Amino acid sequence: MQPHPQTLYEKIWNAHVVDRRDDGTCLIYIDRHLVHEVTSPQAFEGLRLAGRRVRRPDLTLAVPDHNLPTTVRVDADGKRIPIADPASAAQLAALEANVALFGVPYFTDRAAEQGIVHVVGPEQGFTLPGTTLVCGDSHTAAHGALGALAFGIGTSEVEHVLATQTLLLTPSKTMEVRVDGDLGPGVTAKDLILTIIGVIGAAGGAGHVIEYRGSTFEAMSIESRLTVCNMSIEAGARSGLIAPDDVTFAYLAGRPMAPSGADWDRMVSYWRTLKTDDGAHFDKRVVIDAASIEPSVTWGTSPDDVVGVSGMVPDPAAMADPVKRAAAAKALDYMGLTPGTAMTDIAVQHVFIGSCTNSRIEDLRAAAAIIGGRHVHPGIRQALIVPGSGLVKRQAEAEGLDQLFIAAGFEWREPGCSMCLGMNPDKVPPGERCASTSNRNFMGRQGPGARTHLVSPAMAAAAAINGRLSDVREMMA
Amino acid sequence: MNPVDQVTGRAIPLGLANIDTDVIIAADHLKTVTRLGLGAHALESLRRVPGNVIDDPAYQGATILIAGANFGCGSSREHAVWALMDRGIMAVIAPSFSDIFSGNAFKNGMVTVVLPQPAIDRLMEVATTEPITIDLTTMTVTTPYQDRFIFDLDAFRRDCLIHGTDEIALTMENEAAIGSYEARVEALLHSPGT
Ligand code: SF4
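First to last, the protein sequences are chains A and B.
Per the working numbering, the very first residue in the first sequence carries number 1; after that it's consecutive.
Per the working numbering, the very first residue in the second sequence carries number 1001; after that it's consecutive.
Hints are not guaranteed to be accurate.
As the list claims (entries may be wrong) - Ranges of calculated distance between the beta carbons of each label pair, as one might list FRET restraints: (1) B:D1055 <-> A:E474: 29 to 37 angstroms; (2) B:L1036 <-> A:M319: 56 to 64 angstroms; (3) B:D1135 <-> A:G201: 31 to 39 angstroms; (4) B:H1163 <-> A:D77: 26 to 34 angstroms; (5) A:I81 <-> B:R1047: 58 to 66 angstroms; (6) A:R325 <-> B:E1182: 49 to 57 angstroms; (7) A:G340 <-> B:G1039: 37 to 45 angstroms; (8) A:E474 <-> B:E1182: 53 to 61 angstroms; (9) A:I81 <-> B:D1055: 37 to 45 angstroms; (10) B:D1166 <-> A:E218: 41 to 49 angstroms.
It should be emphasised that the hints constitute simulated quantities derived from the structure, not laboratory data.
Quantities reported herein were computed from a predicted structural model and do not represent experimental measurements.
Backbone N, C-alpha and C fix where the C-beta goes; we use that ideal spot for every residue, glycine too.
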């Protein structure tokens, strides 16, 4: 009998079933667990209270990122500069105490490897194809770019994984998002995923794991694939996946935590089997033509409020669905926008290039290419560039990108989540507007009353130079 | 977690769709190392609007929240559940929830009830004057006007909620299976760095 054709998701899922209950719920083994300072203290506390240990510290990796300030961390003598906010300092201290007590591998706030969990995992080779990977952060979906089944979990589940290295899960439905063809000039992975979210809707992927398939994804670097998979959660999906291929293997080869030697060869031959079989069933399918995609920008307070940069602010009155109409009206009120305004007529006061969506070296190079020798517009109050990790920062500095950014009027910061979630001192003031390469334009996400427009790094650089949202294609040589 | 088989009380008819976890509890309040004390900041941005329904004296002491579709979307922060529970909200009724939020709610003994929009509309109306009852044994939401809406909840979750099961202890009973799984794959999936 022929085995029935399986999706990539089913293959990884089936390889991790420890126990299957009658109702279909499975105990799933977790191969990799990333831990950060914000969603872990209560989990470690739970372990302590119950007298439990971390079952597999060797499969766990902790790094602070969310609330760490992005200002300089050591003084001229190499001594640590204390964090001013006592609550942030206490949270970092709690993580340090917990990793020491439970023996969890840890990158300190001053380590060269420190950075955003979702940048660090792939960069270290901690993230591997065919693994199950979790983190107490919804953008864990990013790691699917390397063919890992990766998803965000809450703190109770963090505790569950720490204690048992498993999770009790029900299988997700599957969705194929197929995109073929070349992206146009100035159109990036970010524009593609924003467009996909606009098509699927912010809740359209609920209960599903998306597999991104087609020549457009195959042609992408791992950095771009990370950008795509990262925002799967913004379409409501549990996770995003891209089948591992030679691009993946080339990216991983030689990374500190990746296998090497004979192990490497054996793993690569296993990884090559990790693709969806012909004729496998998806519960939903979405097809998008790469050539139809423009540089994109959000106008509202949900990531599916997206429009091509040549478009304009939509008119809620023209929306047929009453729920959408009400939400759009509320969003425009919050955003301080009038229907019919051209997107490129919207002035911004802040620019943020960073976050786990767009803070890798490729993103910084793309921003630098647009800036060239130009200068940030006088109407911009703050333009921040926050590399995703210490290693990205070093690489950028080796290429002289930091000098180009600083000369242009940007601030060059230490790695962390920064203005993506407005938890550390990097915030957009109330009522002010930010062109941001992050992933969420929710009300108050970048600070109370902050107005966010999600864009690609190249589009953010263009907005910084012009002081308004801009079509990056007009600025390309 | 505490066992729960019924939630009854006044329900706040909020009704908005896409209430994300940044709205439920802003990032500024996540710098805590405990689960307690977040209630004061729950739904802060909505409560800043004068005349908002959450602060309406009619709903003081409410135990239920009625919301629109995709409730709890966005960040995985379990603080969203802790904040609502700290305010006394023990159940949320909505047409749909984000996967992570409903999972987090369940782990803390908070009940999430999915009902179709017409049922939500009716409950929003009743909630303005009357209490509502959610019963996990019969899987119904009822009102003093004899409304009776049946909802679905998987048997495992329902059992855990009713018995207040410690899921970690439950999984630890599978230690032998976990150990033998590890032995089986150890040859294939190596620890990082080895
Ligand atoms: S950069 Fe933003 S989205 Fe990414 S992990 Fe940090 S807070 Fe979450």
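Hints, verified against the model:
1. B:D1055 <-> A:E474: 29 to 37 angstroms: With Cβ atoms ~48 angstroms apart, the hint is violated.
2. B:L1036 <-> A:M319: 56 to 64 angstroms: violated (42 angstroms)
3. B:D1135 <-> A:G201: 31 to 39 angstroms: holds (33 angstroms)
4. B:H1163 <-> A:D77: 26 to 34 angstroms: violated (58 angstroms)
5. A:I81 <-> B:R1047: 58 to 66 angstroms: With Cβ atoms ~36 angstroms apart, the hint is violated.
6. A:R325 <-> B:E1182: 49 to 57 angstroms: With Cβ atoms ~53 angstroms apart, the hint holds.
7. A:G340 <-> B:G1039: 37 to 45 angstroms: holds (42 angstroms)
8. A:E474 <-> B:E1182: 53 to 61 angstroms: holds (56 angstroms)
9. A:I81 <-> B:D1055: 37 to 45 angstroms: Given range 37 to 45 angstroms: holds, Cβ gap about 41 angstroms.
10. B:D1166 <-> A:E218: 41 to 49 angstroms: holds (46 angstroms)
Comparing the model with each numbered hint stated earlier shows that hints 1, 2, 4, 5 do not hold.
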